[in-house]
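Number of protein chains: 2
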Amino acid sequence: MLPEQMLAWGYTRNCIREVMEYGTIRKQEIGAENVYDYSIGNPSIPAPDCVNEAIADLIKGDSVALHGYTTAAGLPSVRDAIAKNLNDTYDLGLTGDLFYITCGCASSIAIALRAVLFPGDEVLVNAPFFPEYRVFTEASRGVVRVVPPRDDFQIDFDALKAALGPKTKAVIINSPNNPSGMVYSEETLKELAAILREHEKAIGETVYLITDEPYRELVYDMDKTPNAMCYYDDTFICYSFSKCMSIPGERIGYLAVSPRMHDKTAVYAAVLGAGRALGYINPPSLFQRVIERTVGAHSDFSQYKINRDILTAGLRKIGYECVDPRGAFYLFAKALEPDAKAFCEHAKKYELLLVPSNDFGMTGYFRMAYCVNRDMIAKSMPAFQKLWDDYHK
Amino acid sequence: MLPEQMLAWGYTRNCIREVMEYGTIRKQEIGAENVYDYSIGNPSIPAPDCVNEAIADLIKGDSVALHGYTTAAGLPSVRDAIAKNLNDTYDLGLTGDLFYITCGCASSIAIALRAVLFPGDEVLVNAPFFPEYRVFTEASRGVVRVVPPRDDFQIDFDALKAALGPKTKAVIINSPNNPSGMVYSEETLKELAAILREHEKAIGETVYLITDEPYRELVYDMDKTPNAMCYYDDTFICYSFSKCMSIPGERIGYLAVSPRMHDKTAVYAAVLGAGRALGYINPPSLFQRVIERTVGAHSDFSQYKINRDILTAGLRKIGYECVDPRGAFYLFAKALEPDAKAFCEHAKKYELLLVPSNDFGMTGYFRMAYCVNRDMIAKSMPAFQKLWDDYHK
Numbered sequence: 005m006l007p008e009q010m011l012a013w014g015y016t017r018n019c020i021r022e023v024m025e026y027g028t029i030r031k032q033e034i035g036a037e038n039v040y041d042y043s044i045g046n047p048s049i050p051a052p053d054c055v056n057e058a059i060a061d062l063i064k065g066d067s068v069a070l071h072g073y074t075t076a077a078g079l080p081s082v083r084d085a086i087a088k089n090l091n092d093t094y095d096l097g098l099t100g101d102l103f104y105i106t107c108g109c110a111s112s113i114a115i116a117l118r119a120v121l122f123p124g125d126e127v128l129v130n131a132p133f134f135p136e137y138r139v140f141t142e143a144s145r146g147v148v149r150v151v152p153p154r155d156d157f158q159i160d161f162d163a164l165k166a167a168l169g170p171k172t173k174a175v176i177i178n179s180p181n182n183p184s185g186m187v188y189s190e191e192t193l194k195e196l197a198a199i200l201r202e203h204e205k206a207i208g209e210t211v212y213l214i215t216d217e218p219y220r221e222l223v224y225d226m227d228k229t230p231n232a233m234c235y236y237d238d239t240f241i242c243y244s245f246s247k248c249m250s251i252p253g254e255r256i257g258y259l260a261v262s263p264r265m266h267d268k269t270a271v272y273a274a275v276l277g278a279g280r281a282l283g284y285i286n287p288p289s290l291f292q293r294v295i296e297r298t299v300g301a302h303s304d305f306s307q308y309k310i311n312r313d314i315l316t317a318g319l320r321k322i323g324y325e326c327v328d329p330r331g332a333f334y335l336f337a338k339a340l341e342p343d344a345k346a347f348c349e350h351a352k353k354y355e356l357l358l359v360p361s362n363d364f365g366m367t368g369y370f371r372m373a374y375c376v377n378r379d380m381i382a383k384s385m386p387a388f389q390k391l392w393d394d395y396h397k
Numbered sequence: 005m006l007p008e009q010m011l012a013w014g015y016t017r018n019c020i021r022e023v024m025e026y027g028t029i030r031k032q033e034i035g036a037e038n039v040y041d042y043s044i045g046n047p048s049i050p051a052p053d054c055v056n057e058a059i060a061d062l063i064k065g066d067s068v069a070l071h072g073y074t075t076a077a078g079l080p081s082v083r084d085a086i087a088k089n090l091n092d093t094y095d096l097g098l099t100g101d102l103f104y105i106t107c108g109c110a111s112s113i114a115i116a117l118r119a120v121l122f123p124g125d126e127v128l129v130n131a132p133f134f135p136e137y138r139v140f141t142e143a144s145r146g147v148v149r150v151v152p153p154r155d156d157f158q159i160d161f162d163a164l165k166a167a168l169g170p171k172t173k174a175v176i177i178n179s180p181n182n183p184s185g186m187v188y189s190e191e192t193l194k195e196l197a198a199i200l201r202e203h204e205k206a207i208g209e210t211v212y213l214i215t216d217e218p219y220r221e222l223v224y225d226m227d228k229t230p231n232a233m234c235y236y237d238d239t240f241i242c243y244s245f246s247k248c249m250s251i252p253g254e255r256i257g258y259l260a261v262s263p264r265m266h267d268k269t270a271v272y273a274a275v276l277g278a279g280r281a282l283g284y285i286n287p288p289s290l291f292q293r294v295i296e297r298t299v300g301a302h303s304d305f306s307q308y309k310i311n312r313d314i315l316t317a318g319l320r321k322i323g324y325e326c327v328d329p330r331g332a333f334y335l336f337a338k339a340l341e342p343d344a345k346a347f348c349e350h351a352k353k354y355e356l357l358l359v360p361s362n363d364f365g366m367t368g369y370f371r372m373a374y375c376v377n378r379d380m381i382a383k384s385m386p387a388f389q390k391l392w393d394d395y396h397k
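If you read the protein sequences in the order shown, they are chains H and Z. According to the working numbering, the first sequence is numbered sequentially starting from 5. According to the working numbering, the second sequence is numbered sequentially starting from 5.
Honestly, the hints are just simulated from the structure, not real lab data. There may be inaccurate statements among the hints.
No copy is singled out in the list; a pair is fine if it fits within one copy or between any two copies.
Straight-line Cα separation of at most 20 Å, SDA-like style, residue types lysine to any residue; simulated pairs [to be verified]:
#1 64 / 54
#2 309 / 44
#3 31 / 80
#4 268 / 11
Remember, predicted model here, so these are calculated numbers, not experimental data.
Can you build the whole structure from these sequences, using the hints too?
And the structure:
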């Protein structure tokens with residue numbers, strides 16, 4: 005007898021991993037150059053040179069100190085460096101002692117939820133959303149409530165208000181958004197903050213805003229992403245260096261507690277406790293020091309912008325209806341039949357690997373990660389045309 | 005309102021971290037050279053050269069591949085290399101697909117428990133034990149039952165039998181042992197296996213043996229540590245490269261499912277599910293590849309053996325009663341008063357940082373980590389003498 009929930013999460017992948025793994029097999033069968041793999045958000049451009057330079061320099065130092073245990077929250081000097089960098093951008097008044105360095109954004113979210121949830125507490129997630137939010141919420145015995153978006157993929161505030169209730173403990177947002185590529189406007193965040201503040205008053209309990217920001221720097225048509233912690237006090241920032249530095253495999257990120265969060269000392273303690281509960285000892289020590297030296301650096305995003313423009317123009321020319329891609333490296337488009345899964349299955353006929361929107365909490369769309377080889381985009385256009393033709397005979 | 009358990013785990017450290025953190029402050033106050041810090045098992049000898057050599061070579065390669073996502077269980081080639089190495093030592097018939105690479109031993113144990121426990125299931129831990137076993141068990145809603153050891157610190161089988169019951173789901177062992185330095189004999193493991201097999205039959209349920217082996221190679225008076233998976237089929241091996249390679253901060257280890265475990269395919273799936281539930285995406289990618297190239301290498305343990313011999317001889321000469329230190333890098337000795345906490349508190353008077361045995365599930369002992377600077381051991385002897393004299397006026 006084994007716990008059913010663990011078996012279920014183990015036997016199934018999320019939709020992204022499923023398509024990716026199909027792709028691995030298919031590439032072996034017919035050659036990687038013949039598969040148009042838009043499945044996974046694995047950065048396609050190298051880490052900035054300073055990353056490997058920092059590694060090369062660090063390993064010249066004392067091995068015992070470099071590879072040894074650190075405090076659970078991460079080295080104080082690393083936390084201070086990150087706090088300074090974030091304050092320089094957003095003037096949040098953060099200090100190093102409000103940071104808990106993690107093994108990436110997923111860990112940050114899992115820990116934040118574990119720190120605050122009681123069994124049965126509700127977590128509002130704004131569709132379309134990263135499928136693992138559901139896993140992390142349910143693993144902490146919370147209940148997910150999905151809030152559908154507005155047509156322009158900003159938050160639908162009427163739907164949000166309808167979903168808020170006496171058991172709402174947290175709201176998760178993700179901007180720039182995976183999978184829609186949408187970026188929440190300052191206006192959206194202010195309105196969200198006002199609604200949550202009002203709801204806190206109404207229920208007499210803290211409602212935590214968890215802002216999942218691995219794509220924070222990945223915006224193409226604006227200076228910077230508006231940050232929710234500027235507008236709402238009870239905010240956790242969950243961040244990863246995966247995407248901005250093209251190091252997703254190294255698992256390094258953080259969780260930051262707002263300096264204005266209600267009862268922040270207790271919340272930070274609960275974060276430490278949750279980290280222990282989930283088996284974390286300390287974030288990887290070499291990469292902590294790499295981040296201390298490189299924080300603020302990023303990969304050459306201009307490559308993604310070119311990819312985005314080519315892909316979006318190409319698909320729109322054929323006739324596909326695409327959500328305006330403002331950030332991250334995903335294009336979200338309408339499937340050509342109501343059943344997105346069936347559509348993505350059909351697309352495999354032309355070796356197009358697309359992720360259906362179902363696990364993101366929406367039907368009828370598909371996601372393309374455009375952090376890919378540029379030649380592949382050009383080569384895939386005839387396949388997208390054939391797919392279109394199949395639906396428009 | 006925050007979950008009490010998370011607050012409790014966050015506000016308190018385990019005893020080891022508490023003493024270590026006192027040490028950090030004390031060293032700032034009076035100078036590191038004046039503090040005799042035996043608190044934490046942070047390896048004091050460098051990683052084998054091949055570790056940093058592998059890093060230097062790997063970063064010359066393709067950055068996107070090196071730092072990119074891997075499969076959740078770790079790269080197949082890494083798992084195969086580890087399986088081969090382990091089979092060469094113990095002939096266990098392990099294959100790569102039975103391995104799940106983790107962020108170290110703590111993660112491995114947390115994931116194994118989460119994979120198999122139902123609420124209320126009992127986990128038997130053999131004292132003295134690593135304090136986090138309790139955290140990981142209770143975080144998965146299990147109940148810890150402590151089994152006291154025999155006088156020679158092997159398993160007390162009568163006590164074990166008395167603790168086994170209808171709700172026993174797992175038994176955790178740790179040999180070489182932190183904190184006692186004891187190594188379980190082949191005889192002990194065979195007897196343990198026989199008892200667990202019999203109990204499985206009696207209750208008609210699988211009883212999992214979780215063998216926590218971060219110190220596996222750290223034995224000084226024998227060829228190799230006997231391995232429990234050789235004798236009992238329903239065994240998980242939890243391992244970390246932290247101690248053998250002196251890289252505890254890098255968080256890389258694994259969980260291996262016995263090829264003879266009952267229902268091993270389902271159990272492995274539950275492990276994958278538990279890893280997702282706890283927020284793990286993949287183990288650190290650079291260090292996966294480091295391990296692939298270096299597995300089997302280890303730091304120069306002869307340094308620990310010299311430390312052990314000097315410390316043990318010195319303390320015994322004064323009159324301290326020490327448990328025979330066979331492995332790991334800990335010496336476990338009798339406190340000079342029944343209350344180990346009071347004793348360790350008193351020892352601070354002479355700047356001796358010792359860890360009381362209470363959190364390890366025993367009273368009346370203290371632990372010394374002898375992975376320390378050798379000069380410190382010599383310099384600390386007069387302090388141990390003064391401490392002794394205080395109790396023998």
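Original post:
Broken hints, numbered, in rising order?
Top reply: none
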